[in-house]
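*Asks:* Here are the chains, one letter per residue:
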Amino acid sequence: MYELLVIGGSAGSLSVVLKILPHINRSLGLAIIIVFHRKNSEDTSLIEVLSRRTDCYVKEAEDKDELQPGTIYLAPADYHVLIEKDRSITLDDSEKINHSRPSIDVTFESAAEVYNSSLACMLLSGANADGVEGLISARKRGALILVQDPATAEVPFMPKQALERVGVDFLVKECNLRECPIFKSDS
Amino acid sequence: MDATRNIQLSDEEVEFVLNDVMDLYGYDFTNYSKASLKRRINRLISNDRFPSFAEFRYRIINDKDYFSRFVEEITVNVTEMFRDVTFYKTLRQQVIPVLATWPLIRIWHAGCSTGEEVYSMAILLHEANLLHKSLLYATDINPAVLQKVREGVFPLSQMRQYSENYILSGGNRDFSSYYTAQYNAAKFDEQFGKRIVLATHNLVSDGSFNEFQLIMCRNVMIYFDKQLQDKVLHLFYDSLEQLGFLALGSKETLRFTDIHKNFKQIENKEKIWRKIK
Ligand SMILES: C[S@@+](CC[C@H](N)C(=O)[O-])C[C@H]1O[C@@H](n2cnc3c(N)ncnc32)[C@H](O)[C@@H]1O
Chain A
1 MYELLVIGGS AGSLSVVLKI LPHINRSLGL AIIIVFHRKN SEDTSLIEVL
51 SRRTDCYVKE AEDKDELQPG TIYLAPADYH VLIEKDRSIT LDDSEKINHS
101 RPSIDVTFES AAEVYNSSLA CMLLSGANAD GVEGLISARK RGALILVQDP
151 ATAEVPFMPK QALERVGVDF LVKECNLREC PIFKSDS
Chain B
1 MDATRNIQLS DEEVEFVLND VMDLYGYDFT NYSKASLKRR INRLISNDRF
51 PSFAEFRYRI INDKDYFSRF VEEITVNVTE MFRDVTFYKT LRQQVIPVLA
101 TWPLIRIWHA GCSTGEEVYS MAILLHEANL LHKSLLYATD INPAVLQKVR
151 EGVFPLSQMR QYSENYILSG GNRDFSSYYT AQYNAAKFDE QFGKRIVLAT
201 HNLVSDGSFN EFQLIMCRNV MIYFDKQLQD KVLHLFYDSL EQLGFLALGS
251 KETLRFTDIH KNFKQIENKE KIWRKIK
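Chains as they are written, first to last, in this note's numbering: chain A, 1 to 187; chain B, 1 to 277.
I should point out that these hints are in silico values taken from the structure, not numbers from a laboratory. Heads up, some of the hints might be wrong.
[As the list claims (entries may be wrong)] Derived, one-sided and incomplete: chain A residues facing chain B with beta-carbon distance under 10 Å:
| id | residue |
| --- | --- |
| 1 | Asp65 |
| 2 | Pro69 |
| 3 | Asp78 |
| 4 | His80 |
| 5 | Asp92 |
| 6 | Arg101 |
| 7 | Glu113 |
[To be verified] Pair ranges (Cβ atoms, derived):
| id | chain 1 | residue 1 | chain 2 | residue 2 | range |
| --- | --- | --- | --- | --- | --- |
| 8 | B | Lys194 | A | Lys59 | 40 to 48 Å |
| 9 | A | Tyr57 | B | Lys187 | 47 to 55 Å |
| 10 | B | Asn210 | A | Phe170 | 57 to 65 Å |
| 11 | B | Lys264 | A | Pro22 | 37 to 45 Å |
| 12 | B | Asp189 | A | Thr44 | 31 to 39 Å |
| 13 | B | Gln161 | A | Lys59 | 24 to 32 Å |
| 14 | A | Tyr57 | B | Pro155 | 38 to 46 Å |
We treat Cβ as the ideally placed atom computed from N, Cα and C, and that holds for glycine.
Turn these sequences into a full structure, and let the hints steer you where they fit.
*Replies:* What follows is the structure, encoded as structure tokens:
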């Protein structure tokens, strides 16, 4: 029933993503977008590192890419990632939001407008409040909200803000990934 | 965020505004990427503190000056000098030596914004001793940014970053010798401005106006939908000399248009294509 998973993370989130990726298989039929706050877009090694942990195809998002199940799209440095009604990606290099480009808020909000309740948003470790406004819009549209347990986060500020201001459907810890609603292929 | 109510337009309301703008002012934004355009309009409504959609629409319809502001704010003008250093390195090493073989070099910067890209190019041409036989046509839909290109003045605070970009892209001269610092501004040397030809040009509605050996259109078509991209790419095709170069932004592609068959991407996979047929 879920068609798109958007994962947003800042400081301290890469290691969590590396632990989550083995649970993301092609068989889930999900398209995945990962929005990291990062600097260098020339960093192709990140794509390789991520690819090694999953059987999904991992690529950096390009303008007008059509979202396909079984594919992971990494937001490029310095562009916001938005989703069109026809489920293709639009890149946008407008002003930073929350000092961030890509901004997690922008992708959560835009994905929610298209995917509604077939969207799952996951917010991980980080030091700023990016992502929280996006979770609020996504929740209003019926998306599943997953937040990393601040107690397990390297930098708890971001997930903590989310818990205080949005609430959560599933608290993500390393030990409970198997029970996570989106990783059960029969859901 | 302040207390202003956050207005989120419906798709229908966005259509209303775009149709008004087209009927009254002749600007057609209907084939811009919707998700991004809608965000821009919502942002404008909130920044300018309109209490309702109706009031925003009324203002657009009745105030021509406000429409100019609309164009300035709806379009995204973010740019920098030597943006994407590997791209400029490739221009320097692989494109400029080919351009050098033409007696007169004509380059079109479509969607040049405030001109950082144009001055970067002019510096490359200068360093290859080609500037004197080059013309850089800088066009944009937004007349306000073209005024900035004419002045050739950029924020001094950016120069550190630009100088770093310049060096990483293969520059080995003293970058600061190209401008004079005045208060908070860096004024670029007149020799560059002299080779730049400015014009407002709307890629949606205006046609081909010359033939070029290089067309740069970077981070402009990301704001267009596929259909409009396709149309504009045909315009570029028609405006390029045989074996001329087309350069797009680093996350853009020709993949989605039939015209890609007439182009060949250069080998190192930078977003530069040659017109081969
Ligand atoms: C993000 S800037 C890109 C600047 C520069 N090329 C770069 O890559 O750094 C996009 C520019 O495209 C211009 N633009 C948008 N729509 C246009 C149109 N229909 N025709 C011409 N220019 C347009 C905007 O005014 C803006 O200056």
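*Asks:* Confirm or reject each hint.
*Replies:* Right, here's what the structure says about each hint:
Among the interface hints, the one on A:Asp65 holds; its C-beta lies about 9 Å from the nearest C-beta in chain B, closer than the 10 Å criterion. Interface restraint check for A:Pro69: the shortest CB-CB distance to chain B comes to about 20 Å, outside 10 Å, so the restraint is violated. The restraint placing A:Asp78 at the interface with chain B holds, with a minimum CB-CB distance near 9 Å, inside the 10 Å limit. Taking 10 Å as the C-beta contact cut-off toward chain B, the hint placing A:His80 at the interface holds, the least distance being around 8 Å.
A hinted interface residue such as A:Asp92 counts as satisfied when its beta carbon comes closer than 10 Å to some beta carbon of chain B; here the least separation is about 4 Å, so the hint holds. For A:Arg101, the interface hint holds, since its Cβ comes within 10 Å of a Cβ in chain B; the closest pair sits about 9 Å apart. Evaluation of the A:Glu113 hint against chain B yields a held restraint, the C-beta minimum of about 8 Å falling below 10 Å. For B:Lys194 paired with A:Lys59, a C-beta distance near 44 Å keeps the hint of 40 to 48 Å intact.
Look at A:Tyr57 against B:Lys187: about 49 Å separates their beta carbons, and that is inside 47 to 55 Å. Restraint check, B:Asn210 to A:Phe170: a C-beta distance of roughly 59 Å satisfies the suggested window 57 to 65 Å. Separated by about 40 Å at the C-beta atoms, B:Lys264 and A:Pro22 satisfy the suggested range of 37 to 45 Å. Judged by the Cβ atoms, the range 31 to 39 Å given for B:Asp189 and A:Thr44 holds: they are separated by roughly 37 Å.
For the pair B:Gln161 and A:Lys59, the beta carbons lie near 28 Å from each other, so the given range of 24 to 32 Å is met. Between A:Tyr57 and B:Pro155 the beta carbons are some 41 Å apart, a value that agrees with the proposed interval 38 to 46 Å.
Against the hints set out earlier in the document, a violation occurs for number 2 only.
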